[in-house]
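Peer 1: Sequence:
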Amino acid sequence: MFMKGKIHLHQVTSESLRLGALLSLVGGFLDTYTFVGRGGVFANAQTGNIVLLAVKVIQGHWIQALSYIPPLIAFSLGVFVAEGIKRKSTHRLTPDWTRAILLLEIAIFFIVGLIPQGVPNTVVVVIVSFVASVQMTSFRKLIDVPYTSTVSTGNLRSAIEAVYVAVTTKDTNAAIRAMRYGVILAAFLVGALLGGFLTLTIGDKAIWGAVVALIFSFILFTEKEKWKLPLRH
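In UniProt numbering, the protein residues as written are 1 to 233.
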């Protein structure tokens, strides 16, 4: 009985606007961190990597083209891992899997900040792409609508669609959805700006800025659990 309430509480927290904004900030941060400081490759935006791969192939820059393949593979592997964790959680092997994901991100990104400059950028990009994929796959719902915390194209489309509905039908719920997506998009932009600025300013350890945001995300879960009684069924 207690467990049901606890799981329900985590589900609500994992879909909250505050958490969505924090994770989107991390998403934007990671892309500029790897693009600016780790060889011009995106950690999250695999569409961008595919396009850049095609461009390098067309230009005949085969070695540069190959650098875009490892993050694609790492991202795909991350989806498999996240789905496996979620599937196991349905059997109560890892009932607290959402917080486990956040702890995994915090630990790995902290370690990434310790990786010296001499290590090939591909190693770092692969690690970041893998973890970003796990995050994207694990957190996909914003209250009552789908969203992505690591890329913005789908969120932008959904936001404009909600604005259209709100304007043409005077739908209050659509207006609220548009504002929520607006918060997510703004958070992603802020994260991208912070990621680029900190990377140019302090270099490799800039990724610890994402760690700080993830720690706040983890605290959000903890506070929800501390101050709210578990639901009983």
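Hints were generated in silico from the structure; no laboratory data involved.
Be aware that one or more of the hints could be misleading.
Claimed, not checked - Beta-carbon label-pair distances, calculated as ranges:
id	residue 1	residue 2	range
1	I73	T168	40 to 46 Å
2	L77	L193	27 to 33 Å
3	T172	I215	34 to 40 Å
4	S76	S16	36 to 42 Å
5	R140	L189	16 to 22 Å
6	A175	K86	28 to 34 Å
7	D144	G118	43 to 49 Å
8	G60	F216	44 to 50 Å
Beta carbons are placed, not taken as given, at the ideal position from N, Cα and C, and that holds for glycine.
Peer 1: Compare the structure with the hints numbered earlier in the document and write down the numbers of the violated ones, lowest to highest.
Peer 2: 4
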